[in-house]
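Construct all of the structure, not just a fragment, from the sequences and the given hints.
For the record, in the sequence shown the residue sitting at position 122 is 557 according to our numbering, with numbers rising by one throughout.
Possibly wrong hints are sitting among the right ones.
[Unchecked claim] Within a straight-line C-alpha distance of at most 27 Å, the following computed DSSO-like cross-link-like pairs (lysine-lysine) qualify:
1) Lys456 with Lys513
2) Lys564 with Lys472
3) Lys564 with Lys487
4) Lys462 with Lys488
5) Lys478 with Lys462
6) Lys488 with Lys513
7) Lys456 with Lys472
8) Lys564 with Lys462
9) Lys487 with Lys456
10) Lys487 with Lys472
11) Lys513 with Lys487
12) Lys590 with Lys575
13) Lys488 with Lys472
14) Lys488 with Lys456
[Said to hold, decoys possible] Here are the in silico distance ranges between beta carbons for each label pair:
15) Asp593 with Asp455: 30 to 38 Å
16) Leu591 with Thr511: 51 to 59 Å
17) Asp486 with Lys590: 52 to 60 Å
18) Tyr573 with Arg547: 18 to 26 Å
Honestly, the hints are just simulated from the structure, not real lab data. Just so it is clear, CB atoms sit at the ideal spot from N, CA and C, and this is done for glycine as well.
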Amino acid sequence: MRINERTLVAVVHSRQTPVDKSGWLYKRGDLNRSFQKRWCVLKGNLFYYFDKKTDREPLGLIILEGCRLELAELETEKFAFKIDFGGGTGAPDGLYLGANQSAQNSGGQQMRTYILGTDSQQDMESWMKALSCASYDYLKMIVAELQTRLDDINKLQDSRLQRQRDSASGASGSGGHLSARSNPFDTEALDLMDVRPGASIIGQSSADNCIQFTRRAFAEIHEFHGIKFREYIQQNRDKHKPNVI
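Below, the structure written as structure tokens:
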């Protein structure tokens, strides 16, 4: 694979591509095997490292494709991890651009492992997480997972809308067969405590000599029956009056 080194270097300074993570790391040297402090910048799947934070030209670039991130368990000097392009993954796409070197790939020229270290366990975990999520393959997997979730949500919403339509259509279809319901307390109801002789029940003629029960005020009921009782008492008094000659 051919690659334009100048284009890749220009990406690190471009404001159009955001920085995913940056900070100081310790990188084990290629010739000098001690850890050397490097300013590192991660943009997408491009991992740059500089001698100084203000440098324009990076010392190297690692394209994070076809690699694995693992703990460097044999390292005791730092909280270390490694970026491994070996491991039998089958023609990985990881590239390395070092100082005064042309692009090299793992298709037969170079398969290497980069060892990086931090000053704390927290920083190591943070960097490992950021680097492991930077590859294009990882992004494809995330997109596929999100698409699956979106499809599930759409199916759930469609099912819910269909149930609502079915419910609405069932209610409208049976609406004509339902009898109207009324509150019995909204109209005058039969009241057994209120009797008016000679009246007829609703639906019957007055010839049936029935009575109708209607709701009236207590004072009216009291006055109506009081008249009857007073007439009855007066009649009894008249019957029992002694005859005065």
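*Report the numbers of all earlier hints that the structure fails to satisfy, in ascending order.*
As far as the earlier hints go, not one is violated by this structure.
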